[in-house]
Amino acid sequence: MSEPAPNESLTCPVTALRPAKSPLALAMRRFRRNRLAMAGLALLVIVVSASLAGAFWNQVAASRGLPEPYRTPLPGIHPQAPGLAHPFGTDPLGRDMLARTLIGGCISLGVGLSAAVVSILIGTFWGITAGYIGRGTDTVMMRIVDVLYGLPYILLVILLLVLFAEQTTWLRMVVLFMAIGGVSWLTMARVVRGQVLALKEAEFVQAARALGSGSARIIVKEMLPNLTGTILVCATLTVPLAILQESFLSFLGLGVPPPLASWGTLASDAIDALNPVRVYWWLLAMPCTMLGATLLGLNFVGDGLRDAFDPRSR
Amino acid sequence: MAAYILRRLLYFIPTLLAIYTVAFLLMHAAPGSPFVQEKGLPPEVLEARKAEFYLDRPILEQYVLYVRDLVTLRGHSSIRYPNRNVIHDILAPAFPVSLSLGICALGLAVVVGTAAGVISAARPRSPADYLCMTGAMIGISQPSFVIASLLLALFALVLRWLPVGGWGSPSQMVLPAAALAALPAAYIARLVRTGMLEVLSADFIRTARAKGLAERRVLLDHALRNAWLPVLGYLGPATAAIFTGSFVVEKIFAIPGVGTHFVDSALHRDHPLILATVLLYASLLVVFNLAVDLGYVWLDPRIRYE
Chain C
0 MSEPAPNESL TCPVTALRPA KSPLALAMRR FRRNRLAMAG LALLVIVVSA SLAGAFWNQV
60 AASRGLPEPY RTPLPGIHPQ APGLAHPFGT DPLGRDMLAR TLIGGCISLG VGLSAAVVSI
120 LIGTFWGITA GYIGRGTDTV MMRIVDVLYG LPYILLVILL LVLFAEQTTW LRMVVLFMAI
180 GGVSWLTMAR VVRGQVLALK EAEFVQAARA LGSGSARIIV KEMLPNLTGT ILVCATLTVP
240 LAILQESFLS FLGLGVPPPL ASWGTLASDA IDALNPVRVY WWLLAMPCTM LGATLLGLNF
300 VGDGLRDAFD PRSR
Chain R
0 MAAYILRRLL YFIPTLLAIY TVAFLLMHAA PGSPFVQEKG LPPEVLEARK AEFYLDRPIL
60 EQYVLYVRDL VTLRGHSSIR YPNRNVIHDI LAPAFPVSLS LGICALGLAV VVGTAAGVIS
120 AARPRSPADY LCMTGAMIGI SQPSFVIASL LLALFALVLR WLPVGGWGSP SQMVLPAAAL
180 AALPAAYIAR LVRTGMLEVL SADFIRTARA KGLAERRVLL DHALRNAWLP VLGYLGPATA
240 AIFTGSFVVE KIFAIPGVGT HFVDSALHRD HPLILATVLL YASLLVVFNL AVDLGYVWLD
300 PRIRYE
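Protein chains in written order, with numbering that gives the first Met the number 0: chain C, 0 to 313; chain R, 0 to 305.
Please note: incorrect hints may appear among the correct ones.
Said to hold, decoys possible - Sample of chain R residues at the chain C side, in silico, Cβ under 7 Å: (1) Val21; (2) Leu25; (3) Val145.
To be verified - Simulated restraints on C-beta separations: (4) Pro81/C x Pro95/R: 41 to 47 Å; (5) Asp220/R x Leu170/C: 52 to 58 Å; (6) Ala38/C x Arg224/R: 30 to 36 Å.
The set of hints was computed from the structure by calculation and includes no laboratory data.
Quick caveat, the model's predicted, so the values are computed rather than measured.
Glycine included, C-beta positions come from ideal geometry on N, C-alpha and C.
Make a model of the complete structure from these sequences and hints.
Rendered as structure tokens:
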């Protein structure tokens, strides 16, 4: 060893310090170390990319003027068991089940995603407003949530869908998406409001207020970053519930109108085709496997996110 | 406490009225008429039929007349099934069926879910834990009609242990109740497991063990009572899920309950029957929600309602 350069003793302690990690980065690191959550994420990536690929496949066919595989009956005797030509088999009308399962994935995931978006937009806004303003506003807004929570809302959804049953495909889809989104924001509003109540008393928020920050700045700069985890977890766990709700409505004949399909309508059609003489297992197994994989993946990711953002909850 | 219950009971009125109003408005906004299927009726007969269902009156009057018929329990004849009163002939025989199925399913979900959660939490990461949690994952990841159909195929068609459907004997109740209970049981198992794991690391549990209590008593008397509170919060939504889920399960197992009437009456624009069914389900759910809130007091003496 050589004599240390005079300035090295000065720089050394500085370089030894790692750059401070934000809570978000720390949470993401904890998430990456959670094997079950990462497996769930991988499962989701596979399902989502396959569904998008299926939609792309149909688009390409349509743009070349070819029949779209999800709605076009094939010649020959159907249903066919899975084989080389049709890896997921065909349905009784002779449509390729792979194409239908993937298109179904786009619809089911779309329902889940729209419910998550609605819950993030309305639920977060509602929760922050009630929690931040407090007093009378809080009481009134949370009473409304309580009443809606206690309402057998699904009854009204069913009624709404039945009454729009004869309308155009487009309108029915909008009603379906809105109806499922409409139930999903209540839990989010409750959870966010609880969190805001706690944050309002936190020292860093008091400090920001003492420094003269306005309400908008406190909400956006101080509170939202601390709400990210809660919102993310709640939204992730909203998606599987919305997908299940869509499948429930599908079974009642209120799902997406044919020839479109969702995993719910596919499974429900498969159950109609179920009989003890000939078992067309692939009609049920294919959509249900995809559905199961998605719901498991979402639940694992949701649990993983919760553990990552709130290590005490473990 | 009595004042609290009384206030909650009074609170039922606006809630039920709100539901009734929305249902009524939806019904009237809907395209299509209840009499589409009775084609070729002479105009006088059609007028008479409309008058029978108050459809010739102003909308506000219809609204009041239907409320009156339902609240006084006088009922009204159904449009789809002429000469059958919606309350006395249609819902009264069907309601006990749906109610007993729903209560059985709820009981099953609570018992199985709690047991699975306690077993998992007693020995985390043991084979029993993994088995219970895998079961819970399956319950969460499939829609109830798929579970119902698979149970039916396995136990009724392949093994032939239980009847395929129908209603009347206890053995006919097993499969539908199990199918309805699957999802709530899975949620309860996960809630109880998380709650138990959290409680088991608390100081009072260490004290209980230190004073030599049997592990069984520590788990069931001390830990479970605290871990069960989140489950109570979930019971409201669970009840709603079970009673509306019965629309599907009643259809699969051919059970003569209320669920089948709900969707059919809406499809056929059977106004008296829709309104009666909606109000019946709504009242059932608000009563259950109140029962759940009272359950908190019983389970957690720290909670008081003024």
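Now the hints, each set against the structure:
Against a cut-off of 7 Å between C-beta atoms, the interface hint on Val21/R holds, since the closest Cβ of chain C lies about 6 Å away. A least Cβ separation of about 5 Å between Leu25/R and chain C falls short of the 7 Å threshold, and the interface hint therefore holds. For Val145/R, the shortest C-beta to C-beta distance to chain C is roughly 6 Å, which falls under 7 Å, so the interface hint holds. Taking 41 to 47 Å as the suggested C-beta distance range, the pair Pro81/C and Pro95/R conforms, at roughly 46 Å.
In this structure, Asp220/R and Leu170/C meet the distance hint of 52 to 58 Å, their C-beta atoms being roughly 56 Å apart. For Ala38/C paired with Arg224/R, a C-beta distance near 35 Å keeps the hint of 30 to 36 Å intact.
Of the numbered hints listed earlier, not one is contradicted by the structure.
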